[in-house]
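Please work from the sequences and hints to get the whole structure.
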Amino acid sequence: MGKMRGSEAIIQCLLEEGVKTIFGFPGGAVIDLYDDLMDSEVNHILVRHEQGAVHAADGFARVTGNVGVALLTSGPGATNGVTAIATAYMDSIPMVILTGQVPTALIGNDAFQEVDIVGITRPCTKHNYLVSKAEDLVPTIREAFHIAQTGRPGPVLIDLPKDIVASIVDFTEKKPIRMQNYQPTYEPHMGQIEKACKQILKAKQPVLYVGGGVILSNASKELTELAQKLNIPVTMTLMGLGAYPGSDKLSMGMLGMHGSYTANMAVAKSDVLIAVGSRFDDRVTGRVDAFAPHAKIIHIDIDPTSISKNVTVDIPIVADCKHSLTAMNSWLDNSGENLGEVCDSHNPWIETVDEWTKKHPMTYIDEGEVIKPQYVIEKLDELTHGDAIITTEVGQNQMWAAQFYKFNKPRRLITSGGLGTMGYGLPAAIGAKMAFPEATVIDVAGDGSIQMNIQELATAKQYNCNVIVCILNNNYLGMVRQWQELFYDKRYAATVMEVTPDFCALAEAYGAVGIRATKTSEVEGVIKEALEKVKESTVILDFRIAREEGVFPMVPAGKATTEMLLV
Amino acid sequence: MKHTLSVLLQNKPGVLSRVTGLFSGRGFNIKSLSVAETLDPSLSCLTLVTTGSDPIVEQITKQLHKLIDVIKVTDISESEYVEREMALIRVKAENTTRAEVLRVIDIFRGKVVDVSPKSYAVEVTGSSSKIQAIIDILRPIGIKEIVRTGTIAMARAPK
Ligand SMILES: Cc1ncc(C[n+]2csc(CCOP(=O)(O)OP(=O)(O)O)c2C)c(N)n1
Ligand SMILES: [Mg+2]
Chain E
57 MGKMRGSEAI IQCLLEEGVK TIFGFPGGAV IDLYDDLMDS EVNHILVRHE QGAVHAADGF
117 ARVTGNVGVA LLTSGPGATN GVTAIATAYM DSIPMVILTG QVPTALIGND AFQEVDIVGI
177 TRPCTKHNYL VSKAEDLVPT IREAFHIAQT GRPGPVLIDL PKDIVASIVD FTEKKPIRMQ
237 NYQPTYEPHM GQIEKACKQI LKAKQPVLYV GGGVILSNAS KELTELAQKL NIPVTMTLMG
297 LGAYPGSDKL SMGMLGMHGS YTANMAVAKS DVLIAVGSRF DDRVTGRVDA FAPHAKIIHI
357 DIDPTSISKN VTVDIPIVAD CKHSLTAMNS WLDNSGENLG EVCDSHNPWI ETVDEWTKKH
417 PMTYIDEGEV IKPQYVIEKL DELTHGDAII TTEVGQNQMW AAQFYKFNKP RRLITSGGLG
477 TMGYGLPAAI GAKMAFPEAT VIDVAGDGSI QMNIQELATA KQYNCNVIVC ILNNNYLGMV
537 RQWQELFYDK RYAATVMEVT PDFCALAEAY GAVGIRATKT SEVEGVIKEA LEKVKESTVI
597 LDFRIAREEG VFPMVPAGKA TTEMLLV
Chain X
2 MKHTLSVLLQ NKPGVLSRVT GLFSGRGFNI KSLSVAETLD PSLSCLTLVT TGSDPIVEQI
62 TKQLHKLIDV IKVTDISESE YVEREMALIR VKAENTTRAE VLRVIDIFRG KVVDVSPKSY
122 AVEVTGSSSK IQAIIDILRP IGIKEIVRTG TIAMARAPK
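Those protein sequence lines, which keep their order, are chains E and X. If you want the working numbering, it's the position in the first sequence, counting the first as 1, plus 56. If you want the working numbering, it's the position in the second sequence, counting the first as 1, plus 1.
No wet-lab data here; the hints were simulated from the structure. A quick note: this is a predicted structure, and the numbers were derived from the prediction, not measured. Think of the CB as a built atom: it goes at the ideal place given N, C-alpha and C, for glycine as much as any other residue. Relax, there's no trap hidden among the hints.
To list a few chain E residues with every Cβ distance to chain X over 12 Å, as calculated: (1) 122; (2) 223; (3) 261; (4) 287; (5) 304; (6) 306; (7) 398; (8) 519; (9) 549; (10) 584; (11) 587.
Straight-line distance between alpha carbons at most 25 Å, and here's what the computed SDA-like set of lysine to any residue pairs gives: (12) E/258 <-> E/371; (13) X/63 <-> E/337; (14) E/59 <-> E/71; (15) X/63 <-> E/371; (16) E/365 <-> X/32; (17) X/3 <-> E/361; (18) E/462 <-> E/420; (19) E/584 <-> E/519; (20) X/13 <-> E/192; (21) E/189 <-> X/41; (22) X/32 <-> X/74; (23) X/13 <-> E/175.
Below, the structure is given as structure tokens:
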């Protein structure tokens, strides 16, 4: 309490919010803050590129559920962070990004390393601030943390002019934050809960369609209870994987463009679709008018703008997923209905669902010693008992990870869903490992994506933050190549990686271990070796996979989700 | 369909650009926009005229609400309301047309606010259609310059 430098006050605010680790990169505009950070209890992780700082803080936030914090300098430092801020925004990740800014007197003068980062990030942050008065500093930081982690979470940026950070401010006592203009609704409307439950009780072919909102609101337990109470099959979006145990018999896996045959068929045939914390993204719905055409749709989401945005909803519930599911579970328990009978009445539906899985399981064609990427993921799943933290890059590698790793717990799949940012996986893995040093953290990568933030291997080395980078190396920008193969006459424009570094040599250059596998029979041994060696060092696994393997099932863009191309 | 939204905002730098950025970023329409401080100087009131189907206007309203600096959004065109625009029109007024111009201004209850040997500057207020009507009538006489405000609007008090 009392008077202190702005920089000290910022650090006090971080500590007050329970922030112990931040990720950043210094520069002139934040040098004062760094000076005070040096002696503080806040642990600062020096990345090698600002995009890496924000992705690492994002990975940290996704595995812990806490606010991730990144610190960047003004100008190029801030702009380098923009892709990663947009990544967090699209996936609703709670974050606070602190950027340095030129002194207030110079703002607007095209000063050295001045950029209007508040203007630039307006559309890709939940909210942002330029602190223009010293007395606003502390309240702004507190408000930013409040906004970042309440309602539908998201990144909040605070631009900090150098003179404000250096000025003397009053560190006032923290009071509960109440904002007249921002009061997210957590509690569901009980009338809507009742309507929803009654609709569900009438269903013969219900489906739970679950998104990242369930993970963000820590509602896996309540969701699992609902699914099992009424014997309802569950499908998850990419962001929702792990919200319901992937190995359970009611799980149909992922839906949408690369979803399972079962999940897409079940949604298409459902009579009641219960969307929980999902947002009817185009990668999920395919052609919108053919999405769940026979279903009454119940939609639970804390963000009113998600409701009836893409698909008209019959029973909207604007509230927190956890609160809503809890309310539904207790309504059902007290409804006087014979829930056992309801479960039994769904058995024919479950049988139909199982038939689909039998007919078209998630599978691939074995090609002997040619390494199949799906096999690599299956082995990873087996050898880590489905309990590793998997981050991904973007492309085929990401989809194979989503399809073939069985995520049984929430916050185990850390992936850029909404923005699809290549280069996300490695820094996010570092963030995750910083949060849980004991966990096995694996970045499932593509040979293209990994080169986008490969410099973070140095960060991993510096902090002894040992992760496994599992490159599914097809020497292609594989996902784009797959589209070219299917829809552009196999004209592989700019997707052949004519030059690729020797990833094992590169690993060594960064002080990590590199191991290559070129045959199927080597895969298991190599993964075991990596799981051993990662105790001491970061490990890069370079799997030379079947180069032109595709991701299937696939719903071509704009088609109905039942029009799947199968293996 | 035309909708007139009344939006209460924090009166802070950058807030207007959050609103306009939302419209441009999401492809929503702005027909007109007008904003000024309210009685409480910490707030401003923005009147925005937009067009779109009902679901679009519902999205617009919800998206506006989602902006942290937005306090209240009302679609005042959903019930009875009054709306006004103002225009300043410089119209040719030469010997042969001076009387005619004055007659038109009178009919529309406009005011001459600036006079020169060859022109009048006229102030008119009213609904958008009234302003359009006087423009249409003055056009053949010769409009030299025109400046229009956006619409401002207020819900009628319940009876
Ligand atoms: C930053 C960025 N640039 C471009 C893209 C478009 N894109 C999506 S997947 C992909 C190919 C990724 O190649 P690779 O990392 O080798 O993964 P693969 O699909 O081969 O597994 C590209 C270029 C993207 N998602 N992100
Ligand atoms: Mg590749």
